[in-house]
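Chains as they are written, first to last, in this note's numbering: chain A, 1 to 111; chain B, 112 to 225.
Where hints are given, some of them may not hold.
The following label-pair restraints were derived from C-beta to C-beta distances [said to hold, decoys possible]:
| id | chain 1 | residue 1 | chain 2 | residue 2 | range |
| --- | --- | --- | --- | --- | --- |
| 1 | B | Thr116 | A | Arg106 | 23 to 31 Å |
| 2 | A | Glu63 | B | Asp209 | 19 to 27 Å |
| 3 | B | Arg206 | A | Asp55 | 27 to 35 Å |
| 4 | A | Thr70 | B | Pro172 | 20 to 28 Å |
| 5 | B | Lys168 | A | Lys60 | 40 to 48 Å |
| 6 | B | Ile123 | A | Pro40 | 33 to 41 Å |
| 7 | B | Thr118 | A | Asp54 | 35 to 43 Å |
| 8 | B | Lys168 | A | Gly61 | 21 to 29 Å |
Lysine to any residue pairs mimicking SDA-like chemistry, simulated, CA-CA at most 20 Å apart [stated by the list, open to error]:
| id | chain 1 | residue 1 | chain 2 | residue 2 |
| --- | --- | --- | --- | --- |
| 9 | A | Lys56 | B | Asn212 |
| 10 | A | Lys77 | A | Val11 |
| 11 | A | Lys52 | A | Ser14 |
| 12 | A | Lys52 | B | Asp209 |
| 13 | B | Lys168 | A | Ser3 |
| 14 | A | Lys77 | A | Gly95 |
| 15 | A | Lys52 | B | Phe180 |
| 16 | A | Lys60 | B | Arg184 |
| 17 | B | Lys168 | A | Val11 |
| 18 | A | Lys56 | B | Glu211 |
| 19 | B | Lys124 | B | Ala113 |
| 20 | A | Lys56 | B | Thr213 |
| 21 | B | Lys124 | B | Ile137 |
| 22 | A | Lys52 | B | Asn212 |
| 23 | A | Lys77 | A | Asp2 |
| 24 | A | Lys60 | A | Thr71 |
| 25 | B | Lys168 | A | Lys52 |
| 26 | B | Lys124 | B | Ser138 |
| 27 | A | Lys60 | A | Tyr30 |
| 28 | A | Lys60 | A | Ser3 |
| 29 | B | Lys168 | A | Val87 |
| 30 | A | Lys52 | B | Thr207 |
| 31 | A | Lys56 | B | Arg210 |
| 32 | B | Lys168 | B | Gln155 |
| 33 | B | Lys168 | A | Gly1 |
| 34 | A | Lys68 | B | Gly153 |
| 35 | B | Lys168 | A | Lys60 |
| 36 | A | Lys60 | A | Gln94 |
So, partial list: chain A residues that the calculated Cβ filter (under 8 Å) puts toward chain B [said to hold, decoys possible]:
| id | residue |
| --- | --- |
| 37 | Asn22 |
| 38 | Thr24 |
| 39 | Leu48 |
| 40 | Lys49 |
It is worth saying that the hints were derived from the structure and are not from the lab.
Just so it is clear, the structure is predicted and the values come from calculations on it, not from any experiment.
Backbone N, C-alpha and C fix where the C-beta goes; we use that ideal spot for every residue, glycine too.
Next come the chains, spelled out residue by residue.
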Amino acid sequence: GDSVTQMEGPVTLSEEAFLTINCTYTATGYPSLFWYVQYPGEGLQLLLKATKADDKGSNKGFEATYRKETTSFHLEKGSVQVSDSAVYFCALIQGAQKLVFGQGTRLTINP
Amino acid sequence: KAGVTQTPRYLIKTRGQQVTLSCSPISGHRSVSWYQQTPGQGLQFLFEYFSETQRNKGNFPGRFSGRQFSNSRSEMNVSTLELGDSALYLCASSRTGDRENTIYFGEGSWLTVV
């Protein structure tokens, strides 16, 4: 079946550092790909998405490019802030509204 | 525009009891799905409803059930609660459930089974 693999966490960085969270997927077709973020005690917020190969999703300084050849959707941000501390989930969807999530990566940014 | 609303936000139940969680989707959204989040298993899909019909179901026992009403509001029910059912239950909605639609999540209902 479809699956998503994220880099193991937790990840700890200093403010203004460059961030990369790796995400690779396995799917039989051509899924849409997402990054969601979860702040402490809250639900999931959509951070960005891409629906076809070579699409780049971007939001709040975060970017991710849908790479079909490497089945990847790595999340990047050039300069992280303390407020970016959260858990990040990579996910895919194929067919009717069934998101498949990675295990999540906890990110902590120190001032 | 109101987001996905879930009630109650927090609840504590005893083993063997049952629980009903409620979800109001974003206005105009007809697809509602439910997910369970636990530290051990992560985020797992429970089921999805569209126009009052269940279209998709995850790998959960029959104790987990749901329904959707004509106004698109949805409820999920867990009967004969077990300790392992303690989790954050998330509801999500989108316009039609197609892969191009953006899926929005609620804040979740925190269930503790004691």
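How the hints compare with the structure:
1. Thr116(B) <-> Arg106(A): 23 to 31 Å: Holds: the Cβ-Cβ distance is about 27 Å, inside 23 to 31 Å.
2. Glu63(A) <-> Asp209(B): 19 to 27 Å: holds, 24 Å
3. Arg206(B) <-> Asp55(A): 27 to 35 Å: violated, 20 Å
4. Thr70(A) <-> Pro172(B): 20 to 28 Å: violated, 37 Å
5. Lys168(B) <-> Lys60(A): 40 to 48 Å: Violated, since lysine 168(B) and lysine 60(A) (Cβ atoms, about 34 Å apart) do not stay within the stated range.
6. Ile123(B) <-> Pro40(A): 33 to 41 Å: violated, 20 Å
7. Thr118(B) <-> Asp54(A): 35 to 43 Å: holds, 42 Å
8. Lys168(B) <-> Gly61(A): 21 to 29 Å: violated, 38 Å
9. Lys56(A) <-> Asn212(B): Given that 20 Å is the threshold and the Cα spacing comes to 17 Å, the pair holds.
10. Lys77(A) <-> Val11(A): holds, 14 Å
11. Lys52(A) <-> Ser14(A): Violated. Lysine 52(A) to serine 14(A) sits at ~33 Å, over the 20 Å cutoff.
12. Lys52(A) <-> Asp209(B): Holds. Lysine 52(A) to aspartate 209(B) sits at ~14 Å (cutoff 20 Å).
13. Lys168(B) <-> Ser3(A): Holds, at about 17 Å.
14. Lys77(A) <-> Gly95(A): violated, 30 Å
15. Lys52(A) <-> Phe180(B): Distance of about 33 Å is beyond 20 Å: violated.
16. Lys60(A) <-> Arg184(B): The given pair, whose Cα atoms are some 31 Å apart, is violated under the 20 Å limit.
17. Lys168(B) <-> Val11(A): violated, 33 Å
18. Lys56(A) <-> Glu211(B): holds, 15 Å
19. Lys124(B) <-> Ala113(B): violated, 29 Å
20. Lys56(A) <-> Thr213(B): holds, 16 Å
21. Lys124(B) <-> Ile137(B): violated, 28 Å
22. Lys52(A) <-> Asn212(B): holds, 13 Å
23. Lys77(A) <-> Asp2(A): Judged against 20 Å, a Cα distance of about 27 Å means the pair is violated.
24. Lys60(A) <-> Thr71(A): violated, 24 Å
25. Lys168(B) <-> Lys52(A): violated, 25 Å
26. Lys124(B) <-> Ser138(B): Cα-Cα ~31 Å, so violated.
27. Lys60(A) <-> Tyr30(A): violated, 26 Å
28. Lys60(A) <-> Ser3(A): violated, 27 Å
29. Lys168(B) <-> Val87(A): This hinted pair is violated, its Cα atoms lying about 26 Å apart.
30. Lys52(A) <-> Thr207(B): Status holds; Cα separation ~19 Å.
31. Lys56(A) <-> Arg210(B): holds, 16 Å
32. Lys168(B) <-> Gln155(B): Between lysine 168(B) and glutamine 155(B) the Cα gap is close to 11 Å, so the pair holds against 20 Å.
33. Lys168(B) <-> Gly1(A): Holds - the C-alpha atoms of glycine 1(A) and lysine 168(B) are around 14 Å apart, at most 20 Å.
34. Lys68(A) <-> Gly153(B): Measuring from Cα to Cα gives roughly 25 Å; hence the hint is violated.
35. Lys168(B) <-> Lys60(A): Answer violated: lysine 168(B) to lysine 60(A) is near 34 Å, above 20 Å.
36. Lys60(A) <-> Gln94(A): violated, 26 Å
37. Asn22: violated, 17 Å
38. Thr24: violated, 16 Å
39. Leu48: violated, 11 Å
40. Lys49: holds, 7 Å
Figure legend: structure checked against the earlier numbered hints; hints not met, in rising order: 3, 4, 5, 6, 8, 11, 14, 15, 16, 17, 19, 21, 23, 24, 25, 26, 27, 28, 29, 34, 35, 36, 37, 38 and 39.
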